[in-house]
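Engineer: Sequence:
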Amino acid sequence: MAITFKLRSSIADLERLNKESTGTNLFIPSTHHRKEEKMLKGQLFVDQYCEREQFSFIDYVSSGFELNFMVAVDFTASNGNPRYSDSLHYIDVSGQLNSYQRAIMEVGEVIQFYDSDRKFPAWGFGGSTAGAVSHCFNLNGSPRDSEDNNKD
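Throughout the sequence shown, residue numbering follows the UniProt record's numbering, covering 1 to 152 in sequence.
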């Protein structure tokens with residue numbers, strides 16, 4: 001028979017148990033009808049206590065941190081033939097964005113304001129470059145610079 005305990009304790013109590021290297025007793029009510037009788041079923045010891053401040057997105061940004069956005073596009077055959085509209089890579093002649101383009105644009109439109117150079121490295125994998133399948137290649141065609149082919 002498994003017994004489940006619900007423990008209500010404050011963070012201060014857990015910290016105290018850790019500092020004092022003491023435990024606290026866990027009781028369950030007796031099966032008898034008298035409420036004052038309790039049975040000891042175990043003890044709780046806090047072996048380690050660590051309190052950390054949880055920073056928010058706003059904390060990071062207001063402190064000057066920047067976010068970087070890297071684009072990675074899957075060109076493997078499982079995405080379908082890019083000449084057909086059911087492919088994730090299909091380029092619609094009407095200009096409608098495909099799923100990849102929409103996702104990149106939507107995330108990029110938010111992230112751009114938190115990246116001072118607003119340059120986003122874009123990589124592909126599983127596609128054919130120079131006649132061979134490559135597992136990692138720059139989408140801008142440069143063998144070296146992943147962010148921009150045009151130097152300022």
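Some hints could be false.
[Stated by the list, open to error] Straight-line distance between alpha carbons at most 25 Å, and here's what the computed DSS-like set of lysine-lysine pairs gives:
{"hint": "1", "residue 1": "K19", "residue 2": "K41"}
{"hint": "2", "residue 1": "K19", "residue 2": "K6"}
{"hint": "3", "residue 1": "K41", "residue 2": "K6"}
{"hint": "4", "residue 1": "K6", "residue 2": "K38"}
[Claimed, not checked] Taking CB as the label site, the calculated pair distances span:
{"hint": "5", "residue 1": "D86", "residue 2": "L44", "range": "50 to 60 Å"}
{"hint": "6", "residue 1": "E106", "residue 2": "D13", "range": "23 to 33 Å"}
{"hint": "7", "residue 1": "G141", "residue 2": "Y114", "range": "24 to 34 Å"}
{"hint": "8", "residue 1": "D115", "residue 2": "Q54", "range": "50 to 60 Å"}
{"hint": "9", "residue 1": "Y49", "residue 2": "N25", "range": "48 to 58 Å"}
{"hint": "10", "residue 1": "Y114", "residue 2": "C50", "range": "27 to 37 Å"}
Don't read these hints as lab results, they were simulated from the structure.
Glycine included, every Cβ here is placed at the ideal spot set by N, Cα and C.
Engineer: Look at each hint and say if it fits the structure.
Structural biologist: Okay, the hints, checked on the actual structure:
Distance hint between K19 and K41 is fulfilled; the C-alpha atoms sit about 23 Å from each other, no more than 25 Å. Of the supplied pair hints, the one linking K19 and K6 holds, its CA atoms being roughly 23 Å apart against a limit of 25 Å. Annotation: proposed proximity of K41 to K6 holds, straight-line Cα distance about 13 Å (limit 25 Å). For the suggested pair K6 and K38, the alpha carbons sit about 15 Å apart, so the restraint of at most 25 Å is met.
Between D86 and L44 the CB atoms are about 57 Å apart, so this pair conforms to the stated range of 50 to 60 Å. In this structure, E106 and D13 break the distance hint of 23 to 33 Å, their C-beta atoms being roughly 46 Å apart. Restraint check, G141 to Y114: a C-beta distance of roughly 27 Å satisfies the suggested window 24 to 34 Å. As the Cβ distance of D115 to Q54 is approximately 24 Å, the hint placing it in 50 to 60 Å is violated.
Checked against the hint of 48 to 58 Å, the pair Y49 and N25 fails, with Cβ atoms roughly 19 Å apart. Here the CB-CB span from Y114 to C50 is close to 29 Å, well matched to the stated 27 to 37 Å.
Against the hints set out earlier in the document, violations occur for numbers 6, 8, 9.
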